[in-house]
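S.K.: Sequence:
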Amino acid sequence: QYLGGMRHGVGSLFGPTSADGRGLAASAVPDKPGEPPHAWVVGTWVDGLLDGPGCELRIEGGEWSHFYRGSFALGRRSGAGIEVRVGAVYTGQWADDLRHGYGTQHWCTVQGRPAAVSYPGQLAAKGPLRYEGEWQHGEVHGYGRHRWGAS
1 QYLGGMRHGV GSLFGPTSAD GRGLAASAVP DKPGEPPHAW VVGTWVDGLL DGPGCELRIE
61 GGEWSHFYRG SFALGRRSGA GIEVRVGAVY TGQWADDLRH GYGTQHWCTV QGRPAAVSYP
121 GQLAAKGPLR YEGEWQHGEV HGYGRHRWGA S
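In our numbering, the protein residues as written are 1 to 151.
These are calculated hints, taken from the structure and not from any lab test.
Note that the structure is predicted; figures quoted are calculated from it, not measured.
Among the hints, a few may not be true.
[What the hints assert, rightly or not] With beta-carbon atoms standing in for the labels, derived distance ranges: (1) LEU98 with VAL42: 28 to 38 Å; (2) LEU98 with GLY52: 32 to 42 Å; (3) GLY62 with TYR143: 34 to 44 Å; (4) GLN136 with ILE82: 29 to 39 Å; (5) GLY79 with TRP40: 12 to 22 Å; (6) ARG145 with ASP47: 36 to 46 Å.
The beta-carbon is built from N, C-alpha and C at its ideal position, and this holds for glycine as well.
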């Protein structure tokens, strides 16, 4: 649906992402010539931005990059949501497109090999691994627990 020339209401969209990889644009600058990232998005739009519950599937280089299902506010992940990437699943709270609040990250084996685990300034290990606890601005922060060999 559209209102005043902008996406508004319930709908879906498939097309190129914007140059910074966030949101969607009618005309986009590809990250690599000949291989623009694409996204499939379903949700509620307000003034051209996702707002409320929605789903997003990102495809880069012809393969899926990640899937997110949860809440959006002004086009960014906000509130409860789940993100699935190759070798990792995060379930928890989001704010301004970053993990923020309480959440659980699972790393698992990929093609029979333990997934390498690292995030800025925190931990480098090989999985399977689980972290359950607090996040701030996309990083592990506050109280939480790491478990190796967890399912």
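S.K.: Would you list, in rising numerical order, the hints stated earlier that this structure does not obey?
M.R.: 1, 2 and 4
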